[in-house]
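Sequences and hints are given; from them, build the entire structure.
Taking the working numbering, I'd label the letters of the sequence shown as residues 16 to 70.
Since the hints were derived computationally from the structure, they do not count as laboratory data.
Glycine included, every Cβ here is placed at the ideal spot set by N, Cα and C.
Hints may be right or wrong, so weigh each one.
Within a straight-line C-alpha distance of at most 16 Å, the following computed EDC-like cross-link-like pairs (lysine to aspartate or glutamate) qualify [claimed, not checked]:
(1) LYS25 to GLU56
(2) LYS28 to GLU56
(3) LYS36 to GLU18
(4) LYS49 to GLU18
(5) LYS49 to ASP64
(6) LYS49 to ASP23
(7) LYS27 to GLU56
(8) LYS49 to ASP34
(9) LYS29 to ASP64
(10) LYS70 to ASP34
(11) LYS31 to GLU18
(12) LYS31 to GLU56
(13) LYS29 to GLU18
(14) LYS70 to ASP23
(15) LYS68 to GLU18
Estimated spans, in silico, between C-beta atoms of each pair [to be verified]:
(16) THR26 to LYS63: 27 to 35 Å
(17) SER33 to VAL60: 17 to 25 Å
(18) VAL60 to ASP34: 17 to 25 Å
(19) LYS70 to LYS27: 27 to 35 Å
(20) ALA67 to LYS27: 28 to 36 Å
(21) ASP64 to LYS25: 28 to 36 Å
(22) ALA17 to GLN39: 14 to 22 Å
(23) ALA67 to THR26: 25 to 33 Å
(24) SER33 to GLY53: 18 to 26 Å
(25) LYS41 to LYS70: 13 to 21 Å
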Amino acid sequence: MAEIQFFDVKTKKKFKTSDFKIVQKKGRFFAVTKSPTGSYECWRVISKDQAAKLK
Numbered sequence: 016m017a018e019i020q021f022f023d024v025k026t027k028k029k030f031k032t033s034d035f036k037i038v039q040k041k042g043r044f045f046a047v048t049k050s051p052t053g054s055y056e057c058w059r060v061i062s063k064d065q066a067a068k069l070k
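Written out as structure tokens, the structure reads:
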């Protein structure tokens, strides 16, 4: 799987990971992963085309 860059809002730092899942909500696609510093999730909006490639 490809590596995607996420932004952790609580720590205000960027991180990269290849361990994520694709989620669709109300017609939009998101990449979702666990934060490396906490037990919460980090979400990133991705395009429909990118979601199709990453599935």
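Here is what the structure says about each hint:
{"no.": "1", "hint": "LYS25 to GLU56", "verdict": "holds, 11 Å"}
{"no.": "2", "hint": "LYS28 to GLU56", "verdict": "holds, 14 Å"}
{"no.": "3", "hint": "LYS36 to GLU18", "verdict": "holds, 12 Å"}
{"no.": "4", "hint": "LYS49 to GLU18", "verdict": "holds, 14 Å"}
{"no.": "5", "hint": "LYS49 to ASP64", "verdict": "violated, 23 Å"}
{"no.": "6", "hint": "LYS49 to ASP23", "verdict": "holds, 10 Å"}
{"no.": "7", "hint": "LYS27 to GLU56", "verdict": "holds, 14 Å"}
{"no.": "8", "hint": "LYS49 to ASP34", "verdict": "holds, 8 Å"}
{"no.": "9", "hint": "LYS29 to ASP64", "verdict": "violated, 23 Å"}
{"no.": "10", "hint": "LYS70 to ASP34", "verdict": "holds, 12 Å"}
{"no.": "11", "hint": "LYS31 to GLU18", "verdict": "holds, 6 Å"}
{"no.": "12", "hint": "LYS31 to GLU56", "verdict": "holds, 14 Å"}
{"no.": "13", "hint": "LYS29 to GLU18", "verdict": "holds, 13 Å"}
{"no.": "14", "hint": "LYS70 to ASP23", "verdict": "violated, 23 Å"}
{"no.": "15", "hint": "LYS68 to GLU18", "verdict": "holds, 12 Å"}
{"no.": "16", "hint": "THR26 to LYS63: 27 to 35 Å", "verdict": "holds, 29 Å"}
{"no.": "17", "hint": "SER33 to VAL60: 17 to 25 Å", "verdict": "holds, 18 Å"}
{"no.": "18", "hint": "VAL60 to ASP34: 17 to 25 Å", "verdict": "holds, 18 Å"}
{"no.": "19", "hint": "LYS70 to LYS27: 27 to 35 Å", "verdict": "holds, 30 Å"}
{"no.": "20", "hint": "ALA67 to LYS27: 28 to 36 Å", "verdict": "holds, 31 Å"}
{"no.": "21", "hint": "ASP64 to LYS25: 28 to 36 Å", "verdict": "holds, 30 Å"}
{"no.": "22", "hint": "ALA17 to GLN39: 14 to 22 Å", "verdict": "holds, 18 Å"}
{"no.": "23", "hint": "ALA67 to THR26: 25 to 33 Å", "verdict": "holds, 31 Å"}
{"no.": "24", "hint": "SER33 to GLY53: 18 to 26 Å", "verdict": "holds, 19 Å"}
{"no.": "25", "hint": "LYS41 to LYS70: 13 to 21 Å", "verdict": "holds, 18 Å"}
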